[in-house]
Amino acid sequence: MIYILTSSPSVSMDGAINPANDFLNNLRRVVKQPSRCIFITTHPDDVAFSEHCSGCMRQAFEDVGVEFERYTLLDSRNARHARQLVAESDFIILGGGHVPSQNRFLRRLGFAKLLRGYKGVVMGISAGSMNCARVVYAMPEEPEEITDPFYKRFVPGLGLTEVQIVPHFYMFKYSDSDAPNALTDIAIPDSRHGHRFYAFPDGTYLMGCNGEEKIYGEFYLIENGVMRQVGENGQVVALPVI
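Under my numbering, residues 43 to 284 are what the sequence shown spells out, in order.
For the record, the hints were derived by calculation from the structure and aren't laboratory data. We put the CB at the ideal spot given by N, CA and C, even for glycine. Worth double-checking, as some hints may not be accurate.
[Unchecked claim] No more than 27 Å apart at the CA atoms, straight line, and that leaves these computed lysine-lysine pairs for DSS-like:
| no. | residue 1 | residue 2 |
| --- | --- | --- |
| 1 | Lys256 | Lys161 |
| 2 | Lys74 | Lys155 |
| 3 | Lys256 | Lys155 |
[Stated by the list, open to error] Per label pair, the in silico range of CB-to-CB distance:
| no. | residue 1 | residue 2 | range |
| --- | --- | --- | --- |
| 4 | Glu111 | Tyr193 | 36 to 42 Å |
| 5 | Glu184 | Tyr212 | 30 to 36 Å |
| 6 | Thr189 | Asn67 | 39 to 45 Å |
| 7 | Val272 | Ser143 | 27 to 33 Å |
| 8 | Glu93 | Arg146 | 15 to 21 Å |
| 9 | Ser118 | Thr189 | 28 to 34 Å |
| 10 | Asp105 | Val268 | 37 to 43 Å |
| 11 | Val72 | Val283 | 21 to 27 Å |
| 12 | Arg158 | Asp105 | 20 to 26 Å |
| 13 | Glu254 | Arg158 | 28 to 34 Å |
Just need the whole structure built from these sequences, with the hints factored in.
Following this line, the structure appears as structure tokens:
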């Protein structure tokens, strides 16, 4: 299995594919064309949201010449066919949105087991990338989650990587909300308790295969209560980072 974990593959929300850091070339190199793709939503019971996100992603890829033999949205309506859909696919996209909602759906599907022995490519977008970790850091984003003392920030994930990604770095860094800042008020303090987080701006992504992982582009390491820049745009950093 090859996995590509992005903050966002798009230039803007629902926008064109971002070619930064050789993303398109690397994607074309590993994804079979035409591919048999499934898109996994973060909100399996919200048909309008799921179809919108799935459709926008398909269009964005087709606009840059990525071809699909079949493209299937996986949500609550066809969840019972998940095993067959995975077996017949060679490209899986884990969509962005609400981390805990997608995490519950993936566990309901038994998706970690469905991926055992999978030979295709898995691509994560934001929440989808976060849920690929063995232990997901579900950094709270909603105001009620930030203030909820019972909100679970660490939950079981798909186990593709040990890397805990914090996406949309600049969006969180420069948030002008009156609520506590998820990056500075939550993630950085959480890192003081033996956790290491990787903050990705949009345009940065991780590629992994056969135990080897590399991060393409700008990223920041958050650990021991300190955040420091490690990678820059145009740079490739092999993990682990010391």
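inquiry  = Taking the earlier hints as the rules, which of them does this structure contradict?
reply    = As far as the earlier hints go, 5, 12, 13 are violated by this structure, in ascending order.
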